[in-house]
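Asker: Position one of the sequence shown corresponds to residue 59 (the working numbering), numbered consecutively onward.
Worth flagging that the hints you see were computed from the coordinates, not collected in a lab. Possibly wrong hints are sitting among the right ones.
Stated by the list, open to error - Taking lysine to aspartate or glutamate pairs in the DMTMM-like style, the calculated list, with each CA pair at most 25 Å apart, reads: (1) K66 x E134; (2) K168 x E144; (3) K143 x E105; (4) K158 x E108; (5) K65 x E123; (6) K168 x D97; (7) K101 x E63; (8) K110 x E144; (9) K183 x E131; (10) K101 x E144; (11) K168 x E131; (12) K65 x E127; (13) K80 x E127; (14) K80 x E175; (15) K143 x E161; (16) K183 x E78; (17) K162 x E173; (18) K80 x E173; (19) K168 x E127; (20) K66 x E123; (21) K183 x E144; (22) K65 x E78; (23) K113 x E173; (24) K110 x D178; (25) K143 x E127; (26) K183 x D145; (27) K110 x E131; (28) K73 x E163; (29) K110 x E63; (30) K113 x E63; (31) K80 x E134; (32) K80 x D178.
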Amino acid sequence: MAVTEQKKAIVAQMKETLSEAKGAVLIGYTGLTVAQATDLRRKMLAEGVEYKVIKNTLTRIAANELNLEGFAEHLEGPTALATSKEDAVAPARVIEQFIKSTEKEVVTVKAGIVEGEVMDAAGVKAIASLPNREGMLSMLLSVLQAPVRNVAYAVKAVAEAQPAEAAE
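Sequences and hints are given; from them, build the entire structure.
Answerer: As structure tokens, this is what we get:
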């Protein structure tokens with residue numbers, strides 16, 4: 059009976075983790091060395107991403123209870139889960155950067171969840187190329203400043219042209 063209670067607690071914790079996460083990525087890690095795993099964990103921690111090895115069966119139960127369509131089918135083989143409560147893109151970005159930095163593909167993306175939407179590996183790869191929140195805000199500010207900046211340049215050019223015409 060104690061084992062059943064432990065499993066129920068793990069399922070409840072997994073449901074809480076998946077429901078609170080803005081972004082999550084299922085990772086296959088076959089062939090990952092201890093040094094690479096440590097490096098990956100450090101990179102995850104630096105970005106505020108939680109990384110842990112999971113039990114497929116218990117995670118499948120949690121995903122089914124949360125009605126995450128298409129998520130449970132990716133729970134095969136050695137699987138880890140990277141989640142972030144703050145940045146929906148962070149887990150995907152860190153994984154993709156890690157895959158690019160390793161010579162052999164020892165880590166594979168199986169599936170992901172962004173803002174409650176389940177996506178396949180290709181979707182996670184596309185999301186990983188997006189900048190973080192601060193990067194998006196700076197892009198937005200740059201776009202909003204462009205018209206004002208252009209008007210200022212035009213006024214300055216007219217002001218500089220005035221003395222030249224007055225001298226003639």
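Asker: A separate judgement is required for each hint: does it hold in the structure or not?
Answerer: A quick look at each hint next to the structure:
A threshold of 25 Å between alpha carbons decides the hint, and for K66 with E134 the separation of about 21 Å falls inside it, so the pair holds. At roughly 21 Å between alpha-carbon atoms, K168 and E144 fall within 25 Å of each other, so this suggested pair holds. For the hint pairing K143 with E105, the CA-to-CA distance comes to about 11 Å; that is within 25 Å, so the pair holds. For the hint linking K158 to E108, the alpha-carbon distance of about 20 Å falls within 25 Å, and the restraint holds.
With a CA separation close to 14 Å, the supplied pair K65 and E123 stays within the 25 Å bound. Note on K168 and D97: the hinted pairing holds, with a Cα-Cα distance of about 20 Å set against a maximum of 25 Å. In summary, the hint linking K101 to E63 is not supported, as the alpha carbons are separated by about 33 Å, beyond the 25 Å threshold. The suggested pairing of K110 with E144 holds, with an alpha-carbon distance near 17 Å, which does not exceed 25 Å.
Distance hint between K183 and E131 is fulfilled; the C-alpha atoms sit about 19 Å from each other, no more than 25 Å. A C-alpha spacing of about 16 Å is found between K101 and E144, which places the hinted pair at or below 25 Å, so the restraint holds. The suggested pairing of K168 with E131 holds, with an alpha-carbon distance near 10 Å, which does not exceed 25 Å. Distance hint between K65 and E127 is fulfilled; the C-alpha atoms sit about 22 Å from each other, no more than 25 Å.
The suggested pairing of K80 with E127 holds, with an alpha-carbon distance near 17 Å, which does not exceed 25 Å. Note on K80 and E175: the hinted pairing holds, with a Cα-Cα distance of about 10 Å set against a maximum of 25 Å. A threshold of 25 Å between alpha carbons decides the hint, and for K143 with E161 the separation of about 30 Å lies outside it, so the pair is violated. Only pairs whose Cα atoms come within 25 Å are accepted, and K183 paired with E78 is accepted, the gap being roughly 22 Å.
A C-alpha spacing of about 30 Å is found between K162 and E173, which places the hinted pair above 25 Å, so the restraint is violated. About 5 Å separates the Cα atoms of K80 and E173, which keeps this hinted pair within 25 Å; it holds. A threshold of 25 Å between alpha carbons decides the hint, and for K168 with E127 the separation of about 14 Å falls inside it, so the pair holds. Proximity of K66 to E123 is assessed by CA-CA distance (about 12 Å); at most 25 Å being required, the pair is judged to hold.
As the CA atoms of K183 and E144 are separated by approximately 19 Å, the hinted pair is consistent with the 25 Å bound. Restraint check: the Cα-Cα separation between K65 and E78 comes to about 20 Å, which is no more than 25 Å; the hinted pair holds. Taking the CA atoms of K113 and E173, the gap is about 23 Å. The hint holds against a cut of 25 Å. A threshold of 25 Å between alpha carbons decides the hint, and for K110 with D178 the separation of about 20 Å falls inside it, so the pair holds.
The straight-line distance between the Cα atoms of K143 and E127 is roughly 21 Å, inside the 25 Å bound, and the hint therefore holds. A distance of roughly 16 Å separates the Cα atoms of K183 and D145; the hinted pair therefore holds under the 25 Å criterion. In summary, the hint linking K110 to E131 is supported, as the alpha carbons are separated by about 19 Å, within the 25 Å threshold. A distance of roughly 29 Å separates the Cα atoms of K73 and E163; the hinted pair therefore is violated under the 25 Å criterion.
For the suggested pair K110 and E63, the alpha carbons sit about 21 Å apart, so the restraint of at most 25 Å is met. Between K113 and E63, the direct Cα distance comes to roughly 15 Å. Compliance with the 25 Å bound is thereby established for this hinted pair. Between K80 and E134 the alpha-carbon distance is near 23 Å, which keeps this suggested pair within the 25 Å criterion. For the hint pairing K80 with D178, the CA-to-CA distance comes to about 16 Å; that is within 25 Å, so the pair holds.
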